[in-house]
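Asker: Each chain, letter by letter, is given below.
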Amino acid sequence: MQTEPDRRERWFQDLVANVGGDLLRFLRSRLRHGDVAQDLAQEVYLRLLRMDDVGLIRNPRSFVIHLAAHAAHEWRMLARNRLQHSEEELQQLIAEFADPADLLEENDRLHELRQVLATLSPKCQAVLLMHRRDGMTYQEIAERMQLSVAMVKKYMAKGLAACHKQMDGEE
Amino acid sequence: MDSARDKAAEAVIDEASQWVVRLSSPDVSMEERRAFVAWLKRSPVHLGEYLRLECTWAELADVDRSRTLNIEELLAVEEGNVVELALGAAAPPPLVKRRSSRHFGAAIAACAVLALAAFFSFQTLVAGRYATDIGEQRTIRLDDGSTVALNTNTAIRVELTDTLRRVDLVRGEALFNVARDPARPFRVLSDRAIAQAVGTSFLVRRNADDTVVTVIEGQVAVARVDQIRLAATVDVPANALHVSAGMRADVASEEIQTTPVSNLAAVTAWKTGRLMFEGQPLSEVVAEFNRYNQKQIVLEDSALSAEQLSGVFDANDPQALVRFLERANVIEPAQVNNDTIVLTPRR
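Which chain is which? The protein sequence lines are A and B, in order.
Quick note on the numbering used here: the first sequence kicks off at 1 and runs consecutively.
Quick note on the numbering used here: the second sequence kicks off at 172 and runs consecutively.
Check before you lean on any hint, since a few could be wrong.
[To be verified] Here are a few chain B residues that face chain A, going by a calculated C-beta distance under 10 Å: (1) N378; (2) V407; (3) N410; (4) H413.
[As the list claims (entries may be wrong)] To be clear about the criterion: a stretch of chain A counts as covered by chain B if any three or more of its residues have a C-beta under 8 Å from a C-beta of chain B, and this derived list gives those stretches: (5) 41-51; (6) 61-71; (7) 122-131; (8) 137-146; (9) 149-161.
It should be emphasised that the hints constitute simulated quantities derived from the structure, not laboratory data.
Because the structure is a prediction, the values reported are computed rather than measured.
For glycine and all other residues, C-beta sits at the position ideal for the given N, C-alpha and C.
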């Protein structure tokens with residue numbers, strides 16, 4: 001027996017498996033600009049408060065991302081005067097990523113991010129690249145750099161925050 | 172500026188960043204997950220910032236698709252040990268391997284140079300000339316481990332002795348990443364300007380009537396000097412200004428003016444073939460493009476010069492700028508000739 005929440009979660013899982021990083025990029029383009037971003041965060045926040053913690057806590061990270069993607073998507077659908085819940089949603093989401101203007105912006109942003117990355121300490125850069133680009137686990141990085149996993153996380157968080165703040169300043 | 176609020180906002184970013192990193196680990200304890208949800212529910216600001224950081228996190232995976240950044244090299248910089256990196260136990264991908272073995276070669280060459288230095292004291296060890304054409308860029312690795320990235324239409328002359336590393340910027344613009352060597356200051360001469368450092372990163376641009384030194388990292392001594400008098404000494408002139416990271420010094424007449432640089436990334440964007448503008452007048456933007464391209468953009472009307480522009484462009488694609496201006500209804504459809512593109516204001 002498949003309940004409605006189960007079906008939802010399944011849909012979310014499929015979504016992330018299929019779209020992955022693109023999903024986040026799509027989200028970013030909606031989270032970026034002032035009022036829209038605030039409204040969206042607010043909307044997701046309200047949904048979050050309505051969620052029961054048990055389901056949420058099982059995988060909070062993907063849950064929140066999916067919640068946001070879903071809210072952003074529903075907005076779009078509403079704007080088109082129809083709201084539907086079907087497999088088509090997924091196809092449409094994917095189609096939306098292919099917007100050439102978004103892709104251009106995306107490229108510009110990556111160029112900027114690259115510049116920003118280069119301003120970090122070499123250790124921060126190395127840690128971020130090993131994990132994000134090369135897919136090494138924290139444990140592997142810790143061994144490679146002869147650091148504790150906790151230190152690796154510290155460098156990683158520091159680097160990520162620094163990148164984000166600088167990118168933010170430029171927007 | 173409301174600095175208390177900025178601080179609070181920064182603190183949220185720091186926290187959100189820690190959560191992104193913690194939750195990306197394969198083993199997240201139930202306790203951690205609970206704490207995260209509690210943190211999220213505390214404020215929509217937390218949630219919004221968390222989502223935005225997730226996006227930056229995702230982008231970091233694509234930031235170096237061409238895999239040009241070398242982990243071994245980054246770690247070597249940190250350890251200050253060039254030789255060890257080629258012997259590192261970790262198996263790097265093929266591209267990296269090739270690069271690091273080349274650097275290993277460079278390290279051996281550097282050692283050889285040092286050995287020679289011991290024999291031929293006060294002799295010029297390495298002198299070289301390097302240049303780029305319009306639209307061309309290249310990065311040179313000097314034997315002391317420093318690198319010099321030459322921008323478009325640039326020429327330098329390099330002279331390494333055992334007491335001084337000297338580079339003459341004959342024309343154009345170059346980014347210097349200076350390997351640390353307190354015994355041998357690194358000196359850049361450009362027209363009447365001198366920039367001197369021990370180990371740091373800075374940009375020098377020689378214009379027709381001034382030289383601009385922008386410090387990316389560390390500190391650089393900048394002075395206006397008479398080159399003939401200077402040749403004899405390796406000391407920084409007594410009147411030198413010490414310019415720190417994030418500042419630029421304009422060396423024109425007698426006086427040196429320093430101003431903070433709001434965006435260092437924009438100043439070095441050319442290294443990736445990009446030009447970044449932030450509210451600069453169109454006349455400056457066009458001058459910048461014209462440095463990189465044979466095909467020159469001409470502003471037909473001075474009314475256009477003052478138009479302000481922000482954006483990121485490919486340095487070698489002036490057409491992209493033209494299209495941008497056309498779409499923004501700033502100009503009439505451009506008139507493209509063999510070697511010029513003429514812009515007239517929208518009527």
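Asker: Evaluate each hint against the coordinates.
Answerer: Outcome of the hint check:
The beta carbon of N378/B is not positioned within 10 Å of any beta carbon in chain A (closest approach about 23 Å), and the interface hint is therefore violated. The interface hint given for V407/B is broken, as the beta carbon of that residue sits about 26 Å from the closest beta carbon of chain A, more than 10 Å. Look at N410/B: its Cβ only gets to about 31 Å from chain A, farther than 10 Å, so that hint breaks. Interface restraint check for H413/B: the shortest CB-CB distance to chain A comes to about 21 Å, outside 10 Å, so the restraint is violated.
Remark: the stretch 41-51 of chain A is confirmed as covered by chain B, as 6 of its residues place a Cβ nearer than 8 Å to a Cβ of that chain, reaching the required three. Counting residues of the stretch 61-71 of chain A whose C-beta sits closer than 8 Å to any C-beta of chain B gives 4, which meets the bar of three, so the coverage hint holds. Remark: the stretch 122-131 of chain A is confirmed as covered by chain B, as 8 of its residues place a Cβ nearer than 8 Å to a Cβ of that chain, reaching the required three. Remark: the stretch 137-146 of chain A is confirmed as covered by chain B, as 4 of its residues place a Cβ nearer than 8 Å to a Cβ of that chain, reaching the required three.
Here's how the stretch 149-161 of chain A fares: 6 of its residues keep a CB closer than 8 Å to some CB of chain B, so the rule of at least three is met and the hint holds.
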